[in-house]
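Protein chains: 2
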Amino acid sequence: MSMQSVVPSLSRRQSTSAGQRPMEVHGLFGSIELMGARMSYSRNAEIYGDDEPAEYLYKVLSGAVRICKLLDDGRRQITAFHLPGEIFGLEVGNTHRFTAEAIVDSSIVVVKRSTVVALAARDGDMARQLWAHTARDLQQMQEHMLLLGCLSAKERVAAFLLQIGKRMSASNEFELPMARQDIADYLGLTIETVSRTMTQLEHDDAIGLLTSRRIVLRDRAVLKRLNA
Amino acid sequence: MSMQSVVPSLSRRQSTSAGQRPMEVHGLFGSIELMGARMSYSRNAEIYGDDEPAEYLYKVLSGAVRICKLLDDGRRQITAFHLPGEIFGLEVGNTHRFTAEAIVDSSIVVVKRSTVVALAARDGDMARQLWAHTARDLQQMQEHMLLLGCLSAKERVAAFLLQIGKRMSASNEFELPMARQDIADYLGLTIETVSRTMTQLEHDDAIGLLTSRRIVLRDRAVLKRLNA
DNA sequence: CGATAATTTGATTTTTCTCAAGACGCGTGG
DNA sequence: CCACGCGTCTTGAGAAAAATCAAATTATCG
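As they're listed, the protein sequences go chains A and B. Per my numbering: the first sequence = residues 1 to 228. Per my numbering: the second sequence = residues 1 to 228.
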């Protein structure tokens, strides 16, 4: 697993075009690109590991990332996926408590945590943005707990497809970056149950499976009704 | 549900004894008592509701609180329990996204959110503490997701008892403040499964059930091995 | 084209849920 | 003090959901 093909590339601090003040315009999270280095991670590469010091903060440019924890006996829980434009790896303490891995070959901007924390110490608004980001993560986790605690397999898969669909594309069609096993570990199901449930949703005409990865949402009403 | 027997009582800003600087000594969370009003909530009273404006921040003095969300069809997920000494209700945005209810008659300190947020705007360390608190909540949610996504019924109940045991008492014996139904909704199980699992753990000599609520942890090793 | 990984499908088992009933605990009022 | 009622908890039997085991099919890559 996780072959080490991390290729750092130097594309930092490209001069901002005249008169822009990206810090104010987009806040931290719009301007991370300007402060960090672009890195490439190949499929299944580990970006950071459980219990490692949290030295960096990451933003996905392209590709996709999974945040997960592996239990001793091999069971795995994926707590989040991160798609292009999203930020991950922000910790308040100084160690990571989960592992981050590239799901497909991914391009990611990396910023030193110390830089950001120092910024926040001087700038109250920046501090607030960091807090808000952690709060957003928390909210997503709470949503996900609802899913894991209350929903049936069919409801979980439907909720998942709606969620990813919204994040991946404005239209009804999109390509899943992750394998069935990843989906299963995210939804707390087995790969077989995920597969069967997708087939079932297709028979119900709620979705279309152009290929196993390429999905069309045909009937959002049905999918949403499955949700709470 | 949730009878309105909220009894505010005025015990605020009791003069700090000479020379103490509780702000610096305990930080925000040690000194909340000094900034807020004590309130009493009776069993099953709602402390705040889903989608209500988040005007206050709360600290449990005595009793216990559940944070939950109710789905349309009656399914309920409890995302957290709060025991004496613990803080809840802190939101970054200005609405609550869950409901908080007293599990038993509870005494709770209530502080205006605006007070705390204003404090944080002036004091970077305070801001950091708020962030840290949200991060702790996040971490707990992530732990809980692991439980909901990966563990069997027996593992969940064992993990729950260890967790509550640690928070309730230094010894091995403690009284559960919540009913079986609350435990079930927290663990993503049914009340029957929780009950059966407890009986089974007792037969395994992992725990003792002095009464249905009073628990003794007899064999932590067994309980922990059930955990990850 | 062949090898390997990913996905789907089928048959069976296990776990957990559901429905139903009984036991227990506790406060109230006779 | 006891009987009653009510809410909570436990237990049992059967049903349902999802997991497991096994195999077939399909996609991917050199």
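No wet-lab data here; the hints were simulated from the structure. Hints should not be assumed to be uniformly reliable.
If you want the ones that stay clear, here's a sample from chain A, every Cβ over 12 angstroms from chain B, calculated [claimed, not checked]:
| hint | residue |
| --- | --- |
| 1 | LEU70 |
| 2 | SER107 |
| 3 | VAL117 |
| 4 | GLN140 |
| 5 | SER169 |
| 6 | ASP204 |
| 7 | LEU210 |
| 8 | VAL216 |
If you only want the chain B side, here are some residues facing chain A, beta carbon under 8 angstroms, derived [unchecked claim]:
| hint | residue |
| --- | --- |
| 9 | GLU33 |
| 10 | MET35 |
| 11 | GLY74 |
| 12 | ARG75 |
| 13 | LEU119 |
| 14 | GLY124 |
| 15 | ALA127 |
| 16 | GLN129 |
| 17 | LEU130 |
| 18 | TRP131 |
| 19 | ALA135 |
| 20 | MET141 |
| 21 | CYS150 |
| 22 | SER152 |
Just the calculated beta-carbon pair ranges, DEER-fashion [as the list claims (entries may be wrong)]:
| hint | chain 1 | residue 1 | chain 2 | residue 2 | range |
| --- | --- | --- | --- | --- | --- |
| 23 | B | GLU192 | A | LEU70 | 11 to 21 angstroms |
| 24 | A | THR211 | B | SER42 | 22 to 32 angstroms |
| 25 | B | ASN227 | A | ARG43 | 44 to 54 angstroms |
| 26 | A | GLN200 | B | LEU71 | 18 to 28 angstroms |
| 27 | A | ASP125 | B | GLY49 | 23 to 33 angstroms |
| 28 | B | ASP125 | A | ASN172 | 41 to 51 angstroms |
Note that the structure is a prediction, hence the values are computed from the model and not measured. Cβ atoms here follow ideal geometry from the backbone N, Cα and C, with glycine treated the same way.
Self-check item: Non-interface label on VAL216 of chain A, tested against every C-beta of chain B at 12 angstroms
Solution: holds, 27 angstroms
Quiz item: Can MET141 of chain B be said to touch chain A, with a Cβ gap under 8 angstroms?
Solution: holds, 4 angstroms
Exercise. Starting from the hint 44 to 54 angstroms, judge whether the C-beta atoms of ASN227 of chain B and ARG43 of chain A obey it.
Key: violated, 32 angstroms
Self-check item: Hinted contact LEU130 of chain B with chain A - closest CB pair below 8 angstroms
Solution: holds, 6 angstroms
Self-check item: Minimum Cβ-Cβ distance from SER107 of chain A to chain B exceeds 12 angstroms
Solution: holds, 26 angstroms
Practice problem: Test the statement that GLN140 of chain A is away from the interface with chain B: the closest C-beta pair must be farther apart than 12 angstroms. | Solution: violated, 9 angstroms
Self-check item: Range agreement (Cβ of SER42 of chain B with Cβ of THR211 of chain A, hint 22 to 32 angstroms)
Solution: Violated, at about 58 angstroms.
Quiz prompt | Hint validity - GLY74 of chain B Cβ closer than 8 angstroms to any chain A Cβ | solution = Violated, about 10 angstroms.
Quiz item: Between ASP125 of chain B and ASN172 of chain A, does the C-beta distance stay in 41 to 51 angstroms?
Solution: Once the Cβ atoms are compared, 48 angstroms apart, the range 41 to 51 angstroms for ASN172 of chain A and ASP125 of chain B holds.
Quiz item: Hint check: is the beta carbon of TRP131 of chain B less than 8 angstroms from a beta carbon of chain A?
Solution: holds, 4 angstroms
Quiz prompt | Interface hint outcome for GLU33 of chain B [beta carbon to chain A under 8 angstroms] | solution = Check failed: Cβ of GLU33 of chain B comes no nearer than 23 angstroms to chain A, outside 8 angstroms.
Quiz item: If you take the shortest Cβ to Cβ gap from GLN129 of chain B to chain A, is it below 8 angstroms?
Solution: violated, 10 angstroms
Violated hints for the displayed structure, listed by number in ascending order: 1, 3, 4, 9, 10, 11, 13, 16, 22, 23, 24 and 25.
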